[in-house]
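Protein chains in written order, with full-length UniProt numbering: chain A, 1 to 338; chain B, 1 to 338; chain C, 1 to 338; chain D, 1 to 338.
It is possible that some hints are incorrect.
Stated by the list, open to error - Result set (SDA-like, lysine to any residue): computed pairs, CA atoms no more than 20 Å apart in a straight line: (1) C/K261 / B/A51; (2) C/K52 / D/V89; (3) B/K260 / C/D279; (4) A/K52 / B/E54; (5) B/K306 / A/K306; (6) A/K306 / B/I55; (7) D/K203 / D/V89; (8) A/K70 / D/Q36; (9) D/K52 / C/K260; (10) A/K261 / C/D279; (11) C/K260 / B/M56; (12) C/K261 / B/R187; (13) D/K8 / A/R108; (14) A/K306 / B/K260; (15) B/K260 / C/Q6; (16) A/K306 / B/Q141; (17) A/K261 / D/A311.
As the list claims (entries may be wrong) - Residues from chain C that face chain D, not an exhaustive set, calculated with beta carbons under 7 Å: (18) R30; (19) R44; (20) P133; (21) Q190; (22) N193; (23) R278.
Calculated directly from the structure, the hints in this document are not laboratory data. Every residue gets a Cβ at the ideal spot worked out from N, C-alpha and C, and that includes glycine.
Number of protein chains: 4
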Amino acid sequence: MIVAMQEKATEEQIDAVIAALVESGVEVHRTTGEMQTILAAVGRTSSLELAKFEIMPGVSHVHRISSPYKLAGRSFRPEGTVIEFRNGVKVGNRRVVAMAGPCSIENRDQIFETARRVKGAGGTFLRGGAFKPRSSPYAFQGMGIPGLELMREAAEAHGLLVVSEVMEIAQIEPMLPYVDLFQVGARNMQNFNLLRDLGQIRKPILLKRGIAATIEELLLSSEYILSGGNYEVILCERGIRTYETATRNTMDISAIPIVKKLSHLPIIGDPSHGTGRRDLVAPLARAAVAAGADGIIVEVHPNADKAASDAAQTLYCDQFDTLMGELRLIATAVGRSF
Amino acid sequence: MIVAMQEKATEEQIDAVIAALVESGVEVHRTTGEMQTILAAVGRTSSLELAKFEIMPGVSHVHRISSPYKLAGRSFRPEGTVIEFRNGVKVGNRRVVAMAGPCSIENRDQIFETARRVKGAGGTFLRGGAFKPRSSPYAFQGMGIPGLELMREAAEAHGLLVVSEVMEIAQIEPMLPYVDLFQVGARNMQNFNLLRDLGQIRKPILLKRGIAATIEELLLSSEYILSGGNYEVILCERGIRTYETATRNTMDISAIPIVKKLSHLPIIGDPSHGTGRRDLVAPLARAAVAAGADGIIVEVHPNADKAASDAAQTLYCDQFDTLMGELRLIATAVGRSF
Amino acid sequence: MIVAMQEKATEEQIDAVIAALVESGVEVHRTTGEMQTILAAVGRTSSLELAKFEIMPGVSHVHRISSPYKLAGRSFRPEGTVIEFRNGVKVGNRRVVAMAGPCSIENRDQIFETARRVKGAGGTFLRGGAFKPRSSPYAFQGMGIPGLELMREAAEAHGLLVVSEVMEIAQIEPMLPYVDLFQVGARNMQNFNLLRDLGQIRKPILLKRGIAATIEELLLSSEYILSGGNYEVILCERGIRTYETATRNTMDISAIPIVKKLSHLPIIGDPSHGTGRRDLVAPLARAAVAAGADGIIVEVHPNADKAASDAAQTLYCDQFDTLMGELRLIATAVGRSF
Amino acid sequence: MIVAMQEKATEEQIDAVIAALVESGVEVHRTTGEMQTILAAVGRTSSLELAKFEIMPGVSHVHRISSPYKLAGRSFRPEGTVIEFRNGVKVGNRRVVAMAGPCSIENRDQIFETARRVKGAGGTFLRGGAFKPRSSPYAFQGMGIPGLELMREAAEAHGLLVVSEVMEIAQIEPMLPYVDLFQVGARNMQNFNLLRDLGQIRKPILLKRGIAATIEELLLSSEYILSGGNYEVILCERGIRTYETATRNTMDISAIPIVKKLSHLPIIGDPSHGTGRRDLVAPLARAAVAAGADGIIVEVHPNADKAASDAAQTLYCDQFDTLMGELRLIATAVGRSF
């Protein structure tokens, strides 16, 4: 950590900052320049609260020099993380994967028909929500565990893997037999209690970026899972909130190559939530793969207009077929397979 | 709801939209203009998903005409809501209130000394966190219920009320005997399960705005509590995320007069979280009261530099004394008391 | 325009709004519903100031129903605009184009060598700035018209077209003999005097989106040029300002398919300014084409590290060669050529 | 400037960075830590482009240590700048000032009547625009210099000073005889040519923050004027663009105390443009003064509903009277006069 003192900082102020740093358990190197004094703190600086030093009298700026995440950083595993699933499926290697399915599991027919179409188009994971806390208490709240049972059955019938969202700690245990990949939604990206418990299990986690989260905060949240001993985390870009109102969120495609540079973890794109509009899902899915994503996750429904939730952003199955064909060509264009 | 068709929309497209609206259970009035056709949907439109119609062929824009919240709207209670607490304290009337205390309850001495100073300066509520899920698993996680017991004791010894944050449903019941006002933090503003359960209790709720939430979304979240039968909700502006990096968040002072216009619920300002910097707390607290806030909530600690959490934004007790004096004058300037 | 009155609006308030609308020269249709009254204004509503009615007593919301732009709207030319240049080059048809060159024209060798490499890699336009007002008065301010002469010569020697930025009205006339495409930079997107004068010339305009401009505002600015009689406008997405600090701007890839839907004008992507980092230029250029862009504009320099400006975001020529190969494959994947 | 190398940076990479720094004309101090190497660049670092080093292989982060502005920094004039005008008026000292008037000068009666009311309420400056480039080519474009003549006459008749916006370099000279304070609007905050020329004159400048500008960028723009030799700059907070749509902009009240800390320049608040809504002008004007602003600038019009521009955000004269009374009390509450 670097503390840059103001040009007119007094010796007394400098000494106070040094004392505060030393008391925090770090070693301090002082450089007295012609214009200003710079203090370099060395040691266990990652737990130091920057703001605490920033407001001390005579301080100009405080900068963190070492990355605040360690296990999630690229240098921890320079070759990149590849996560292995049943059926020999891998995420994070040369092959780009597609996860698809309805927003909510609604009934047996719906999920089986979706599974058939997802598999037919070349998908690898079946997605579907079982728990749907809605803004209206009268709206459909999801099928719960019985829905997951159906989804698991449908997935196995068609050789697919299962990904579904876990919303609270109490759901982890009952979901374990049914899912291959636990999804943490954008609103829970900083639910540290949930992340801590997911760090204790031995199933991969799909961690979605919050709509107001920076890329650094996304990596810090993944660190929370990794530090529990669960190294199998896939990140997901799904749009951030900006001033633009033409889309529900602005999908930050640049997050994909940036995460690839900063971290060894795989990252996929979610153009359904990233845009909120069916007509933008395909263009943004293509953009995500073109930018280097390890996969995409999209909402698709055999009767998209009647979907119990998120109808407006759900693809028709035929649209999904077309998209998968385009993604196959784009994956090749960027040196990958699909 | 108004559906404006594109200028070149076909009769077939218009009919399809009308059919979809009717099927959703609303009545449709059609106005065929020289340039474009407009469809006005009348009836139970608040549960309609706008986006579903927005993406239909031939549609230009869809606008919600009726406010999406009813119980939280100003017209529901034009005279404004005043919430009564023990000791005759009221929030939402002419008197501006101050809630103050440490980020975390740390020990008996700390919370008693804080209570003494808060009361001495003219505060009404003692604030303090008992549950502190932190980004580092090694950091202080809060004292839990024993901390609330201490805070309650300290508050009663000094004639103060208690406000503390509830982070999950399981904490509601055990917290009930200790708090006068349940705080819902910014990260839980859209935790609908928690809001639903808080709608079932009969204690007031302090609902903080999420860092990426619009004012309308804040009011929708309050609606969730109100619709459960708990009409005692106080809103809180505590900063939103913007591109500006000089402050942790940008405190949206204009949200205060806007909420006053749109809703009958009281609103207070939290300049500690709104700025993240001790030196900005007083100016923004003054701004909040000048703009019409019903109160403020700030972090104060008898030994602010050593606070277990949020040290950088915590006021020294002497600063709090000075601030309270200034707020008294400003409250008078805007026709209120303090 | 639709004016939705509040549920408790009085007849007096409704009459006042009707009177104000009529006085503004529009016709008003009133619908009195069970809950609220809705006023539909018909006629020349595009010049009405929404906010003026929004603040009238008793008004709930005001919505613009007709699109605020006419000439730029898709319905004005549903088949899309194709702009023709010298040499048979077209922008907006099936073929995706590449515009490339240095941030600043520096000298003869630099611009000729760049032209050779751009042409060799398959580029169509040579870009380069002649006027460079810099934040430091001591920094390089650009070569001016002599630079444009050099660029024109280099472009013609290699069969390229010339695109360069015009910064003020006084530069239009002297630039005319040298450029094929006038670029309006992000900071000038709402310089209405400049736009008005560019609407009077008969050369195509490349209009860049401002860093705080919505897509609607970008289209409104293009309308300004179109309404002057110059129908040859190409739009450009080059990043917007968000809270994310990992990139200088957040490139809004979704703007590309949205503009394609809302407008008939071609749109290209600028990943150099959109990201500010050389290592992100190629991924975002690929994403732009994958999302449907009609072209890209990138900074490339034969000696990128020594570029007089924007060095950090300027591609090496070899990187540009590789990128062009990738774009060729992606263009094919989305049914276009390159 | 501090360059923090990655933990696994090679000696070769470190040497390359050192060489690049030295070539840029600065001196380099190297600290080789257990985990990572840190390079401190000393000397003329303010002209270095950070991004250029940030993308070099092996580099983790680059931080500017010294403030990028010198003349605008607090340490340049710790006691603060006080700007003197005719009539003994000062801005930046204990007394808070009010600038008020119509968006556009429309005619003799309007500007004289406004001047009378502004003076009567205790205002110091008469504001009014003479040049109004509008988004519609058919809208009122302003009265030009004849309007300024009228405003000057009205101001002198009532003992007021004149502030008006300059939009391009060519207007400086003709405006000189009429204005006491040149306003630079938000869209021109980074029009460096205009700023450079305003640095050459000897009249004070009112520099408004751009809607997407950081506080640091605002100070850098002021530096541009100061470095030309014109030290009389007043800054103005007038709202930034955020995701919130309830207001046209979000007025960043915290910018006021931050500027007070970072710079010696006076700062005022513009709640008219900061909110875009008449009903929010008074609350935000009060907030600005409560937060420490040296003044406010608001739009007021004797016939606000009929104002030729910005009607929705223009105060009625009676509202202005009331506001001035409130501001007088708030100024006193924060230890100032009005």
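For this session: Check each numbered hint against the structure and report the violated ones by number, ascending.
Result: 2, 3, 4, 5, 9, 12, 13, 14, 16, 17, 18 and 19
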